[in-house]
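There are 4 protein chains.
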Amino acid sequence: MLVKAAYGKSSVRIVRVTRHGDRHDLRDLTVAIRFEGDYGESYTDGKNTGVLPTDTMKNTVYALAARDGVTEPEAFGVALVRHFLDRNPLLRHVRVDLLDHFWGRIQVGGREHGQAFARVGPDSRTARVTGTRDRTEVDAGVTDLLIMKTGHSAFTGYPRDEFTTLPETRDRILATSLAATWRYTGVPSDFGTHWRAVRSTLLEAFAEHDSRSVQHTLHDMGEAVLRCVDVVESIHLVMPNRHHLPVDLSAFGLENRNEIFVATTEPYGLIEATIAR
Amino acid sequence: MLVKAAYGKSSVRIVRVTRHGDRHDLRDLTVAIRFEGDYGESYTDGKNTGVLPTDTMKNTVYALAARDGVTEPEAFGVALVRHFLDRNPLLRHVRVDLLDHFWGRIQVGGREHGQAFARVGPDSRTARVTGTRDRTEVDAGVTDLLIMKTGHSAFTGYPRDEFTTLPETRDRILATSLAATWRYTGVPSDFGTHWRAVRSTLLEAFAEHDSRSVQHTLHDMGEAVLRCVDVVESIHLVMPNRHHLPVDLSAFGLENRNEIFVATTEPYGLIEATIAR
Amino acid sequence: MLVKAAYGKSSVRIVRVTRHGDRHDLRDLTVAIRFEGDYGESYTDGKNTGVLPTDTMKNTVYALAARDGVTEPEAFGVALVRHFLDRNPLLRHVRVDLLDHFWGRIQVGGREHGQAFARVGPDSRTARVTGTRDRTEVDAGVTDLLIMKTGHSAFTGYPRDEFTTLPETRDRILATSLAATWRYTGVPSDFGTHWRAVRSTLLEAFAEHDSRSVQHTLHDMGEAVLRCVDVVESIHLVMPNRHHLPVDLSAFGLENRNEIFVATTEPYGLIEATIAR
Amino acid sequence: MLVKAAYGKSSVRIVRVTRHGDRHDLRDLTVAIRFEGDYGESYTDGKNTGVLPTDTMKNTVYALAARDGVTEPEAFGVALVRHFLDRNPLLRHVRVDLLDHFWGRIQVGGREHGQAFARVGPDSRTARVTGTRDRTEVDAGVTDLLIMKTGHSAFTGYPRDEFTTLPETRDRILATSLAATWRYTGVPSDFGTHWRAVRSTLLEAFAEHDSRSVQHTLHDMGEAVLRCVDVVESIHLVMPNRHHLPVDLSAFGLENRNEIFVATTEPYGLIEATIAR
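Residue numbers (the working numbering), protein chains in the order written: chain Z, 1020 to 1296; chain F, 1020 to 1296; chain U, 1020 to 1296; chain A, 1020 to 1296.
Accuracy of the hints is not assured; some may be wrong.
Think about it this way: if two alpha-carbon atoms lie no more than 30 Å apart in a straight line, the pair counts; the simulated DSSO-like pairs of lysine-lysine are [stated by the list, open to error]:
no.: 1; chain 1: A; residue 1: Lys-1023; chain 2: A; residue 2: Lys-1066
no.: 2; chain 1: F; residue 1: Lys-1066; chain 2: F; residue 2: Lys-1023
no.: 3; chain 1: A; residue 1: Lys-1023; chain 2: U; residue 2: Lys-1023
no.: 4; chain 1: U; residue 1: Lys-1023; chain 2: U; residue 2: Lys-1066
no.: 5; chain 1: Z; residue 1: Lys-1023; chain 2: F; residue 2: Lys-1023
no.: 6; chain 1: Z; residue 1: Lys-1066; chain 2: Z; residue 2: Lys-1023
Partial pick of chain U residues on the chain F-facing surface, computed with a CB cut under 8 Å [said to hold, decoys possible]:
no.: 7; residue: Leu-1045
no.: 8; residue: Thr-1169
no.: 9; residue: Asp-1180
no.: 10; residue: Leu-1273
no.: 11; residue: Phe-1280
Simulated from the structure, these hints should not be mistaken for lab results.
Since the model is a prediction, treat every value here as computed from it, not as a measurement.
Idealized CB from N, CA, C, for every residue including glycine.
Construct all of the structure, not just a fragment, from the sequences and the given hints.
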């Protein structure tokens, strides 16, 4: 018995150049589309009537970008969602995920060049638009935002059992690769402004927090966003704990005054939570 | 308001060697542990009482493996789940994910060497054990299983709109990187036997199917598992469509008799479904 | 002043299906082509006369595969090298690298299916053909061959200084991801047979060796190939030392009888050498 | 016969925090060390006398960083090279590669925070120091510098054969992931200043160039560095051509006015050259 099913197209890469004389604008997106609906017979009987090919989904991304332009990723996602719902009677639920690769302008002689760009990263902007016959939901996000605190981070007071070896610390490095997604109330305008406000709120809260754990800081960052950006309804944060371990230098006759660390990739702690109004 | 939260340790790498004289056995696992429970105060107030450190989770993996041995990944996951539930009063829901990296024995002079191994892949065996105070659920799976059909695969009869360019085909390559996970009824014994039965059933069904689409073949593979392996309650399959496109050779004065393909990585179709009894 | 230059096309993905009735053969290659020659003016003046576009290099891979078939990767490389040297007067030195992704046949009811395949790995076969107006050299290789010894591996007798903390060991795990390339004397026939002979010789030597270090085992493996496969003129081996560290269980009141290891990915030792007749 | 051999330690991850009251400085490096010398007996006989363990190489990185601090990556590399040559009589040639992961300060209320950082990328700074008993050579570099031009890039005038399908273009996108390494004359002081000068020269030359091919632009960028930064003796540039292909919209009744592109990852052109005074 078919319980749940979805199909779609992923990793559709589109770069759109808009030419204003000598000054070009650039949008560089990776788009994924996912359909759910009354497609049971395509699974059980191989009946493809009504099954929009994923190749056509891809073509639609290019065609709509050409015909209508691409402004903010969230708005482009909304346009795709509406297009697919309008045209596909079997479609019940469509999701469009967008990854926005940001390019800054190269400086030449102190001025921005109009047609030459360098990628800015490593973080990327994300958007997810979900649509049904009844409603549209818009999430925005940031991913791969690598951040580190070298002060105001402790971890103490946890339970100990026979397998505990971790020493308590009042001064450790806290480093993470933040992925956050937040839901807007309705479909606001001016997505770029909101996105920048959330990103800088997350960074400021991380920097300013007196951290007792990753959980503690994650919660504070989420609360700060809800407090500072009123169009945000809820936020989900994922923070892997990229452990930076102090190196034991005592065998070398040296003291580690909390200065020398080995950055590790595995194992890693993984902390996540959703915070809502 | 904290709506939902989880924390844990990922990418715990453990290799266990069991020595039977000259013949060694090898188990090579990557383990991830995830806790949900009454941990709200650690987020809101930085209160760590009752918060088992993720470092201790890691230590527990090594300690239990040393004390009790490691047989099948599912059984090791069940042992970890029970240990954590027993010791952590705030814990409500624990999930242990295991990735089993399989090593075969190197052949020397036609005989298996007792202490030398080569990795067999690229697919890996997976297991997920989920536990609450009331019950334990065991999922097994396979991931990165790369499979390809060069015959008996068609895609026709789909709707066309103004953005459709895909030609219908009655003879295409069908290639995917299968990820499947299935749930057992209760906690069966003899996990290895069941795992091998499901894996070979998936491969045989894929090979034998007269495919009208990825959806159609995916469904047939899932149904075959439910038909052939009675301890499986449901199965979830994810099949990216790794498109192999025939190369247009006409400009070179050559004909492509369905022989020359370019293997592409993006964009890709993505098909998934859950099939249950 | 332009000192040295090269240009070419990388990551050309080609799958060739050969149909013998119900039984299909499959070849799955990634090809890279690299030209060196009298191309200085294309750099200094942007003069493209004589500069074969890398797009045409790609097309040539598909066209030759269609026109002449693909048997062994080395032989296909030789054909490409000759084609490019014949057609491009400015070309002095051409190199073709090939990565051969091996697919085995899926078993159905104990018999090999003619049209369904599963990838076998994680290792891949490699080939490099280098040609000038005067001569052609053929290297073959294997990459990503993950191997592990759980016995007969020691590391002792090394110098100690004030920064040494490593304990000597007479019984450690030795694990590596082997990459080896070997040069044939001239252009032999029967590349597949030689390749299988070298690969199994490498595995057997690794398994049988009484290792005093990675260097020691690497050298023995290379010597074994020169001893057993007479068409091999020299061999280069690269063996990262994928350290498996015994876990200290003493804090848990447990003893580690050389059974429990953490598999690490970084840092890693890196050992390489070329061995010739 | 052992022809050539090297051994060392790779992926040594070190983060050094220097505390000036409330304001911390951060250096985040990945270090690799490679020894060549009179180590033949370790290969042929497993004799480890004189073979410094790679584990000690790693420890030395941490110990020297603790004892002497870390300023510029090139200077730290020089210190490591000298240390290893001083202590290891069998060592003839040592190479230290450093990857410098740059962290910028998080802004809070328009001011730089003293103890909170965000990674800046995706490009990284690289350094390579090579030493023998007679001399020390210092290379610096940049890698993963993603750059794109949407104007002033053409590709015409190339030869056509029976496998040519590429249309000539006077207005294409030129995008690459630049890796450049340059050699300094001797061991200059003030590595950071030189590095910034080279990086901005590369960016400006790329932006301003009227490109007839990747080769043409690569050469111009190299010449600009030699012209503008007098301590640079030679420079090697590697520029993969990350093709951005205009999407054919004619089937949709739309015209592509050079606005809509698909960004591809494979196949890719690969252009490289060394330019010296």
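Right, here's what the structure says about each hint:
no., hint, result
1, A/Lys-1023 x A/Lys-1066, "holds (17 Å)"
2, F/Lys-1066 x F/Lys-1023, "holds (17 Å)"
3, A/Lys-1023 x U/Lys-1023, "holds (24 Å)"
4, U/Lys-1023 x U/Lys-1066, "holds (17 Å)"
5, Z/Lys-1023 x F/Lys-1023, "holds (24 Å)"
6, Z/Lys-1066 x Z/Lys-1023, "holds (17 Å)"
7, Leu-1045, "holds (7 Å)"
8, Thr-1169, "holds (5 Å)"
9, Asp-1180, "violated (30 Å)"
10, Leu-1273, "holds (5 Å)"
11, Phe-1280, "holds (4 Å)"
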